[in-house]
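Please assemble the complex out of the two chains, which come individually in their own frames, going by the hints.
Here is what each chain is made of, one letter per residue.
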Amino acid sequence: MGSAIAKGRIRAIDTQAARSSPGVLGVVTAENAGELEKGQYNTARLLGGPDIQHYHQAIAVVVAETFEQARAAAARLKVSYVRARGRFDLEAQRETATEAKDVKDAETGDFDAAFADAPVKLDETYHTPDQSHAMMEPHASIATWNGDELFVWTSNQMITWGKGDLARTLGVPAEKVRISSPYIGGGFGGKLFLRADVLLAALAAREVGRPVKVALPRPFMGNNTTHRPATIQRIRIGANRDGKILAIGHDNWSGDLPGGGPENGTAQTKLFYASDAIRTRVRLAELDLPEGNAMRAPGEAPGLMALEIAMDEMAEKLGIDPVQFRIMNDTQVDPMNPEKRFSKRQFVQCLTQGAERFGWSRRAAPGATRDGRWLVGLGMAGGYRGSPTMKSGARVRLTPEGRIIVESDMTDIGTGSYTIMAQTAAETMGVPLDRVEMRLGDSAFPSAAGSGGQWGANSSTSGTYAACVKLREAVAQKLGYDPGGAVFSDGRVRDGRRSATLASAARDGEIVAEDAIEFGDFTQQYEYGTFAAHFVEAAVDMYTGQTKIRRMLAVCSAGRILNPTTARSQVIGAMTMGVGGALMEELVVDKRLGFFVNHDLAGYEVPVHADIPHQEVVFLEEADELSSPMKAKGVGELGLCGVGAAVANAIHNATGVRIREYPVTLDKYLDRLPELA
Amino acid sequence: MRAFSYERARTPQEAAAVVAARPGAKFIAGGTNLLDLMKLEIETPVHLVDVQDTGLDRIEETRDGGLRIGTLVSNTALASDRRVRRDYGVLTRAIVAGASGQLRNKATTGGNLLQRTRCPYFYDTDQACNKREPGSGCSAIGGFTRQLGVVGVSDACIATHPSDMAVAMRVLDATVETVTPQGETRRLPVADLHRLPGETPHLETNLQPGEMITAVVLPRPIGGRQVYRKVRDRSSYAFALVSVAAVVQPDGSGRAAFGGVAPKPWRVEAAEAAMPSGAKAVASRVFEGAKTTDQNGFKITLAERTLAGVLAEARA
Numbered sequence: 036m037g038s039a040i041a042k043g044r045i046r047a048i049d050t051q052a053a054r055s056s057p058g059v060l061g062v063v064t065a066e067n068a069g070e071l072e073k074g075q076y077n078t079a080r081l082l083g084g085p086d087i088q089h090y091h092q093a094i095a096v097v098v099a100e101t102f103e104q105a106r107a108a109a110a111r112l113k114v115s116y117v118r119a120r121g122r123f124d125l126e127a128q129r130e131t132a133t134e135a136k137d138v139k140d141a142e143t144g145d146f147d148a149a150f151a152d153a154p155v156k157l158d159e160t161y162h163t164p165d166q167s168h169a170m171m172e173p174h175a176s177i178a179t180w181n182g183d184e185l186f187v188w189t190s191n192q193m194i195t196w197g198k199g200d201l202a203r204t205l206g207v208p209a210e211k212v213r214i215s216s217p218y219i220g221g222g223f224g225g226k227l228f229l230r231a232d233v234l235l236a237a238l239a240a241r242e243v244g245r246p247v248k249v250a251l252p253r254p255f256m257g258n259n260t261t262h263r264p265a266t267i268q269r270i271r272i273g274a275n276r277d278g279k280i281l282a283i284g285h286d287n288w289s290g291d292l293p294g295g296g297p298e299n300g301t302a303q304t305k306l307f308y309a310s311d312a313i314r315t316r317v318r319l320a321e322l323d324l325p326e327g328n329a330m331r332a333p334g335e336a337p338g339l340m341a342l343e344i345a346m347d348e349m350a351e352k353l354g355i356d357p358v359q360f361r362i363m364n365d366t367q368v369d370p371m372n373p374e375k376r377f378s379k380r381q382f383v384q385c386l387t388q389g390a391e392r393f394g395w396s397r398r399a400a401p402g403a404t405r406d407g408r409w410l411v412g413l414g415m416a417g418g419y420r421g422s423p424t425m426k427s428g429a430r431v432r433l434t435p436e437g438r439i440i441v442e443s444d445m446t447d448i449g450t451g452s453y454t455i456m457a458q459t460a461a462e463t464m465g466v467p468l469d470r471v472e473m474r475l476g477d478s479a480f481p482s483a484a485g486s487g488g489q490w491g492a493n494s495s496t497s498g499t500y501a502a503c504v505k506l507r508e509a510v511a512q513k514l515g516y517d518p519g520g521a522v523f524s525d526g527r528v529r530d531g532r533r534s535a536t537l538a539s540a541a542r543d544g545e546i547v548a549e550d551a552i553e554f555g556d557f558t559q560q561y562e563y564g565t566f567a568a569h570f571v572e573a574a575v576d577m578y579t580g581q582t583k584i585r586r587m588l589a590v591c592s593a594g595r596i597l598n599p600t601t602a603r604s605q606v607i608g609a610m611t612m613g614v615g616g617a618l619m620e621e622l623v624v625d626k627r628l629g630f631f632v633n634h635d636l637a638g639y640e641v642p643v644h645a646d647i648p649h650q651e652v653v654f655l656e657e658a659d660e661l662s663s664p665m666k667a668k669g670v671g672e673l674g675l676c677g678v679g680a681a682v683a684n685a686i687h688n689a690t691g692v693r694i695r696e697y698p699v700t701l702d703k704y705l706d707r708l709p710e711l712a
Numbered sequence: 005m006r007a008f009s010y011e012r013a014r015t016p017q018e019a020a021a022v023v024a025a026r027p028g029a030k031f032i033a034g035g036t037n038l039l040d041l042m043k044l045e046i047e048t049p050v051h052l053v054d055v056q057d058t059g060l061d062r063i064e065e066t067r068d069g070g071l072r073i074g075t076l077v078s079n080t081a082l083a084s085d086r087r088v089r090r091d092y093g094v095l096t097r098a099i100v101a102g103a104s105g106q107l108r109n110k111a112t113t114g115g116n117l118l119q120r121t122r123c124p125y126f127y128d129t130d131q132a133c134n135k136r137e138p139g140s141g142c143s144a145i146g147g148f149t150r151q152l153g154v155v156g157v158s159d160a161c162i163a164t165h166p167s168d169m170a171v172a173m174r175v176l177d178a179t180v181e182t183v184t185p186q187g188e189t190r191r192l193p194v195a196d197l198h199r200l201p202g203e204t205p206h207l208e209t210n211l212q213p214g215e216m217i218t219a220v221v222l223p224r225p226i227g228g229r230q231v232y233r234k235v236r237d238r239s240s241y242a243f244a245l246v247s248v249a250a251v252v253q254p255d256g257s258g259r260a261a262f263g264g265v266a267p268k269p270w271r272v273e274a275a276e277a278a279m280p281s282g283a284k285a286v287a288s289r290v291f292e293g294a295k296t297t298d299q300n301g302f303k304i305t306l307a308e309r310t311l312a313g314v315l316a317e318a319r320a
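Chains A and B are the protein sequences, given in the same order. Sequential numbering from 36 applies to the first sequence in the working numbering. Sequential numbering from 5 applies to the second sequence in the working numbering.
Chain B with its partners taken away, still in its complex shape (with noise of 0.2 Å):
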């Protein structure tokens, strides 16, 4: 690990300000992601932010009905939240479904959307990687891809984003809210918070340097049956080879949206016109242009046999 300094900020806005004036800083909440990657050197920041005492640890009803989880609140709270619960279950299976419990009580909501790839070519500093080296090159491309994404990727990098809850905030159509370094606040879908890696890869995310997520707002309830389903090669603690956010309808119209895929939460949303119709077709549309190595092709059978299985589940 990189010796590095550490200051704790009092609101969003000024770590926002600390963070952009200060080259190589970053914020730290809960630290599940970002402190295995410092002691591995895969981030060397020079000085941490810790917006812990921010304050934005509560769950607020909206006026139009939805709720604004703010970006402190803990996995396990959001999960364990009655609102939640009741009217958004998609979040709560999703989020649970997630590391361990260990981990839930520490990561917080902003952390989890930002958390980094598990690539094992991007943990392994010995290998070269886009992400973690802008321009070293790929060494998974060719080599043991078999967790790694299908669809959105590129020549550079296959990196798929690790996150189950952010592919039920997908499904939700969430929106995240930030402070910026100025101090003004700005909403974006949570659709738009992360970049695909074209030739880019090391920028994962819409978000200016020093802009801090401080919300994230669910829209009103959608009802519905609400399903996620993680396929993973162990029961527990480990990621997924595929995921299925899904929210289905009594009239059998719906949303899905998967995780394990791709640089991001995977969500097509032209594609769920055909939800009626069942998985096949909707997941011919969502993989649309899938671009599969020997290793991971299986995640599109696979990934259209689990939203069977969710249909099935959601219309018993």
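Extracted from the complex, chain A is given alone in its bound form (with noise of 0.2 Å):
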């Protein structure tokens, strides 16, 4: 049961009829769920009552015989609220916006003077709306308690930060409480964190006494669970006639919760392109709205829609392709910290190479491009996103049968973490895949970086890697092997002409070897970063102004790619969820009762098949020496970082019109589109 209002207080929850309702276990609402801590991660308690923070805030879990029994009985539940007034508008709320916290203004030479004096500049405000994750599977878990030792079923995708901030939460101690989440239905950011299904489950759990499962239904995803957050960006860039970019200003104003934070659209401003000017200023409104969080790529998503508009249009302003720009203000080192250097940096091969495959030099000038009643355009954006690293463990084991069994806690969100690490475990000991058995997403293995930030692939087999090469050492000592010179391969192990099976060294038992990657200090002194070029035609129907994407490339420069499979399927997923950005979502909010209308996938629309079109990626041959044993990277946030803005002038090359407020629907260019004969 979620809260009706918007911000206030429950006067009183009458249970009665929900309770004596038919199949009626229990009832638990913030009066009888005893005392509740907030997670470290959550910025809005998680049971709510009596004062509510948001529309849809968990007030009360009804837990039945049948899910159904269960839900009719919610139903049954008597709530009389307090209302009381609430800010749910970001552009009244704009001028009220303070520094956010973590966030400081950052500069670089003298903005206003640069900027002023430059001879050709742009300088326009762009929106980006709030976003649901909108992930396949509804958050649902299953908690059991057995004495004082709680088990939870659930779909999470950093297992650590889940059951820390379970335990803290419900006052228990870590130890006592585990997670297991070996399978994930979608998160993109969305289960990150502690969320409401795992917390009611739990209580619930212990008050009726035995195992409790639940589910979010559909319409309560917008609003009870985090989304990304509205902003509202403007950016200024000043060059001189040249194309040198002499200025580059950004700032962005977003809202949350009291206690939440901003989504930062500036953080690539500072490093994406060279200039001896730069400026980044973040602003936080407090609003009343839901939780806002992390979504696949925070603040580079939004920050790169809006800043990469802005290139094509100061592009457009001196008359230089857009391709030739990027590549002639590119830099290789930290702009406002010079002597800080790109780890690898090779953006410019991926707008050569793109231009070159995508048939760039064919793009002719806005409006010009008509095929029957469609307005054809091509567009392009730079991608650009960090490339953060966390520490992560893994224990390996190896069987009396030769088998590797590989235990962590890291998640596989539909990634492909199961068969990356696998394959590095398999690479690693010498042995085809089909020998190593994962087992994954459970707080009782050793603790891993987890799946987000794109951090996941390559922290993840860095620490699988550790524990192999602590495997190795230990099998090398049992066989009495030099461990410096041992040679792994085909399911045996060599050490000069001595050589025995893999298996062999487990004759007397399994040999378990555990160890994590752990990154030093190196992020201080180079800037790791991975980098893309997006590609997109787009038409424009002359009549209705509906769009369609007709082709679509990314090319990607991201370190060693681990699994080209399951890379590319990063990618082509990030790129659709770039479309939708670009075209149709948006958390509609109402401004007078302070909720997301359009809290269900019939009102939140993200693309279908037939919205995508044939999608193209290319990685560039790549290995990032400085970047970690695997010499790899991310590409999960990379896919996304840029697609919005390629496909805002594609429709901009189709048509002469220039949307800065997404989604790019129709109803905000119909009335400037060509007149009709």
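No lab work stands behind these hints, which were simulated from the structure alone. Values in this document were obtained by computation on a predicted structure and should not be read as measured data.
If we take Cβ atoms under 7 Å as the criterion, some of the chain B residues that face chain A in the derived model are: (1) Met5; (2) Asp130; (3) Gly147; (4) Val235; (5) Asp237; (6) Arg238; (7) Ser239; (8) Ala242; (9) Thr305; (10) Arg309; (11) Thr310; (12) Ala312; (13) Gly313.
Ideal placement from N, C-alpha and C gives every residue a C-beta, glycine not left out.
Structure representation (structure tokens):
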């Protein structure tokens, strides 16, 4: 049961009718839930009452013998509310916004002076909407208590965070909590944190003394869970007439519940293009909408949706091809800290290869290409996403049968963690892939990087590698071989002329090794990033304004690609999400009542197959020796960064109309399309 | 979902009599809309009368050269019928523009006509809605109205009828056949099936309690170029922002009905005299008296431009 008001308090909940409904076993509200803390990663409390912080904040859970009985009984809870005035309109709260706690203003050079003196200037404001993760599988958990020990089967991207915050919220020792999440039906950041399903299942299971399953109904997803917050972004670019950028300014406004954080679209702007003067400012307003939080490429995705339109506009003002304009302003160092180099940055190669493959030279002037009733245009944008790493552990077992078992609390959110970690173990231990068994997503296993921020693949395979190296040492020792010289291949271990099967090392019992990769201070010395060039061909119906994407290409520079199939899958999925963000996705705020109105999959539209054309993905041959033992980086978020702007730029090239407010829906430009004969 | 009882009727007469006699009873056929609404407790029938055994699943030729479509004919079967594809192309095109393949396999002809609005405030039981709860108010007006109606609406409700099929039925001048609780057959033009909301948006049709649709009758084919154009934010599985069903004759005369704009399929016959003069002339008559919001005013322009595209296609 979610709150029917956005802000205020519950005067009373009458649970009588619900409790006496058929099949009901128990009802939990804030009144009988006991003392609850708030998780470290949560902004709003997961069980509301008496104070209400946002619409559809959970206020009660009803447990019954069947799901239908529980839902019917929940509808019989009688809640009386006292409404309070809330702040629901980012634009209206923009003036009240203040510097965000963890994001300081940054400036290099003198932006005001450099911008004022620049012969060619752009000063525009862009809007990105609130977005929903809209993953296929809603949040769901089963919880069971055994005495004071709690076990939860759930769907969560970050096992260590989830376990920690569950223990913290319940006020129980962490060692009494175990959570398991071997398979996840999509997350996109919506399952990074402990959410209401887990807490309510745990509380309800304690109340009724048996295992309880809680699944969020789809219409709760929009307001009960987190979302990507809307942004307002003012971008100023100054350049000389030859196209050299002299000044970049990026101001970013977003809102969140008190105590929350910003959606920071400026992080890439500090590093993407060379300029002697750069200034970024991030302002955060308080809003009483549901909690904003991370969604795939948090900050970077909306930031580049704005910056990469601005770059297109600037190129147009200068009369320079947008690919060339970006090449001219490439940098191999951090522009705000020039002694810090990028470890590996092949953005220019992405641009040139992409332009070549896509036939970019055939691009015509805006509004100049027609194909029957279609106005056709080409657009492109740069993509840039950092490549963070996280400590990541694994345990590796060699069984007497010669099998390798990898245990880690790493998760697989559809990204292919099982595959790439197994590949890593197989390659390092010198066994075929089918000899490796993966066990993931259980907090009983060593803590891993988890799935977020595109750090998962590089970190978790490095952690697997570290544990395997330790296992190799143990094996060599067991066989009496030189740990430094032993060669592992074809299921055998060789040391000079000596050789044994790998299995024979475990003849007397399993050999177990555990280790973790920890990343030192090398990010202080180098800047780590992944880069892409996105190209889109779009056609706009001259009558109706409907947009069809005809072709898409992404050329990516992202270190060593651990598995071309799973990496490509990540990028085409992200490109699809980018099309959604460009053309249709928006959680619409009812600014009177304070909630996202279109809170189901009928109202919150994401692309269908018919929206997505052939997608081509190219990975540059690359190994980044400075990134990790795997020489890899991440691609899951890179694939999204810049896609939206490439679509918007293609629509501009098709129609001559520039839209700076996402999603780019036809109602925003219909009256600016060419007059019909 | 509220608990309910269930029975299967063998004849339409029996089904009508049971539903009329029992307060809170409803017909169910494909269930593609009703079950969703029941899960959310927007619909809370106490008893369901399943009409799927009533045998009304055939498409027959009528004596005057038309087609009688049994109410249980699935959307898929109707759209793919050889005679429909040949003589009533606008109907096939409208049906396949709606829902998804899986839903069209299950959804029926009568059920499609009687499906309910997709207004998001109607779907959220925490919000006031005169259609869902008479007299509770309308939270949509003044809220998120981009998808909602621009013509035929009232101060009590601005919801639209979501069907594509019904728009084509309307342009084809179809007739709805029913059986009343008394066992009598009644005929009414599809134009008269749906009511405008006025002060009573919860009353959506002119059917009596317990009256059951048994068939939809299409008149003799009228030829012409038959086009259905649906405009939406994504390419499939989305409701229309605006749709146009049109039949255009070689001499430039024709008919046009609009979806996504009103509480019922919207057709103004008097405007059709202007078809030879083009979309602007037609649309200005069709949307006379329109009542738009700052969010859905674009639908008037969109309807006109879409009709222009349809006319261009029909005359190409």
